[in-house]
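Residues per chain are reported as follows:
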Amino acid sequence: MGLLSFLSWSAGKAPTMLRLPSGSFTVDRTGRVIASTLASSFPAPLIHAIGGAVLGAFQDAAALQQPLTELVIHYPSLKITAREMRGGALIFLVPINLAGPAN
Amino acid sequence: MRGLRLSTKRRAPRRNPARSAPVSIVPTDFPAPDAAPEYSLLTDIRPLLARAVSRPPPQRHVQMDHTRKILLVDDEADLLDIYQAELRKLPGPPQLTVANSGVAALTQLERNAFDLLITDLRMPRMDGLQLIAIVRRKYPALRTVVLTSLPDEQFRARVYALGVDLFWQKPATETEMALFRECIESMLERADAGGFRGLQSKSLMDILQLECLSQNSVVLRIVNGPLQGRIWINHGDLWDAEAGGLQGEEALLHILGWKTGTFESLPAEPDHPRTIQKSANALLLESAQAQDEARSRESDTDLVRRTGANPLRRLEGFEFLLPFNDQKDLGREAGDIENAGLLADWARATLQRFTALGDTLQAGALDTVVALGRQCHLGLASANGVHFCAGWRSHLDAATVRKSTKKAAALWVS
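Residue numbers (this note's numbering), protein chains in the order written: chain W, 1 to 103; chain Z, 104 to 517.
By construction, these hints were calculated from the structure, which means they are not laboratory data. This one's a predicted model, so the numbers in the text were calculated from it and none came from an experiment. Each hint should be verified, as a subset may be incorrect.
Stated by the list, open to error - Dumping the calculated DMTMM-like pairs for lysine to aspartate or glutamate here, alpha-carbon to alpha-carbon at most 20 Å:
| id | chain 1 | residue 1 | chain 2 | residue 2 |
| --- | --- | --- | --- | --- |
| 1 | Z | K509 | Z | E422 |
| 2 | W | K79 | Z | D255 |
| 3 | Z | K509 | W | E70 |
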């Protein structure tokens, strides 16, 4: 049982990997984060990457005379909902768990 | 993926067991659809069928033909020793290679071919998610198992989203360790025998031929994305079919045009009314010829027009569909759209943008993008290597746009 005890000990260590956050943040038309409810442990570059991608999609659509009010991006483990706000965006992040309700 | 994936869901025994031959034992060395003409005559597969029926069922703990190679990745040397000791207990002991980091694992993968990768999630520098993301792209055929001490639903979802075969919490008891060994053994056996993955290359035509030759009575329920169809077979005769509001021969030919999907066998319905009078042989040949002719006509025109009708128009709120790939547009479906080319460019850039974001976040492959506008809604999706931008009327909600876009893409592809 010595080996198995070691495995049990190993399983109890705290996770250090990056978790997908649940929460929302607001970016202005330049991509600056105005407000955020995301955990402070979530890296700022990733927040900017999300904000930049969303703003780019909104702005490119507007340039096509196809203004959008909302974008919903579905990944298998994350749903991103972005609402257009005067050139900026309010962005919601919802991680999806296999055991959770269908998104 | 071409061909139909054989489902393991067999709900009930056949009504006529004396005349039935279980299709689930179809040998995996059947010619793949690409390797043989899809309209191969029924007589072509009789020897194969005979072999299939006479083949003994697969044995558990079968001796493997050659030594299987497993790559174990964990940053803790003690754990690597334990896993090695446990995996050496497998019958036909596999050849084990260890790596103490993701980078070392990638180096090993460059040097040697492996049958199975077992990796920890939490490792310094390159974590398991990053390693898997690379492995799934560079070595898509490699089976992967994640062994982790993180009993976390989110990580489980992300790991499966990346396409791993198994997510397993590190065993903490002898029972769990035994289960883990059994699971690994089962995976290696499946890989050794061709197994489930090999069966994926069977076309629906093959399956129908087998059912008819075996003179089975069964109802096949076929699912192709959001599309569903049923084919009734009684004593080896094609009896009836239904799909997408079509019935009889028309529905059968429609279903036979589907290139991918899953199917399951339901109990026979001997009292179901017969609508198909032609022989199975004639109908399958007719379908194969139609598909052959359609392929020869195929260029940039869409596949939906081949059927003479446009089922896309039946979708509620449908405005248009723009299929395109990474290089060029592939025409358009219904509706006159101004600046279709520019819209396709936007859709292409948007899909690329959010695919890259998914990689950065390790959230899995992009599923869909729904864009709600004041004038109309747009849905972006991909299927079989083709990307789609679908236009929908603005009264639809986001969930409906997403569902309908996936359905439109599946219809176009089929």
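Tested hints:
Straight-line distance between C-alpha atoms of K509(Z) and E422(Z) comes to about 14 Å, which keeps the hinted pair within the 20 Å bound. Annotation: proposed proximity of K79(W) to D255(Z) holds, straight-line Cα distance about 18 Å (limit 20 Å). The straight-line distance between the Cα atoms of K509(Z) and E70(W) is roughly 19 Å, inside the 20 Å bound, and the hint therefore holds.
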